[in-house]
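A.B. asks: Start from the sequences, fold in the hints, and give me the full structure.
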Amino acid sequence: MYVRKLRRKIIKKKRIFACCFVFARRFPEIIRVLQLFHLLLKNGLVIAQDELWVL
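At position 50 of the sequence shown (counting the first as 1) the number is 49 in numbering that gives the first Met the number 0, and the numbers step up by one without a gap.
The set of hints was computed from the structure by calculation and includes no laboratory data. Hints may be right or wrong, so weigh each one.
Derived DEER-like restraints, expressed as beta-carbon distance ranges [claimed, not checked]:
#1 L40 <-> K4: 33 to 39 Å
#2 V2 <-> Q34: 37 to 43 Å
#3 L38 <-> F16: 40 to 46 Å
#4 V2 <-> H37: 36 to 42 Å
#5 Y1 <-> P27: 21 to 27 Å
#6 L39 <-> C18: 23 to 29 Å
Cβ atoms here follow ideal geometry from the backbone N, Cα and C, with glycine treated the same way.
C.D. replies: So, in structure tokens, the structure goes:
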């Protein structure tokens with residue numbers, strides 16, 4: 000029983016990883032935007048707003 004549960008967990012993780020991988024391949028722009036917003040939060044909103052307009 001324990002082995003089966005472990006296998007199910009691994010399969011679920013692989014599925015999630017595969018979905019993320021497909022998402023990443025199809026939507027690189029979204030990832031760039033997310034990274035930009037991450038930078039916004041890190042470095043302060045005012046500085047990065049100019050970068051957003053340039054991109």
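A.B. asks: For each hint, tell me whether it holds in the structure or not.
C.D. replies: Going down the list of hints, with the structure as the test:
For L40 and K4, the hinted distance range of 33 to 39 Å is satisfied, since their beta carbons lie about 38 Å from each other. Checking the proposed 37 to 43 Å range against V2 and Q34 shows it holds: the Cβ atoms sit about 39 Å from each other. At roughly 25 Å, the beta-carbon separation of L38 and F16 lies outside the given 40 to 46 Å, and the hint is violated. Under the hint 36 to 42 Å, the C-beta atoms of V2 and H37, about 39 Å apart, fit the expected range.
Distance hint check: the CB atoms of Y1 and P27 are about 40 Å apart, inconsistent with the given range 21 to 27 Å. The hinted window of 23 to 29 Å between L39 and C18 holds, with their beta carbons roughly 26 Å apart.
Figure legend: structure checked against the earlier numbered hints; hints not met, in rising order: 3, 5.
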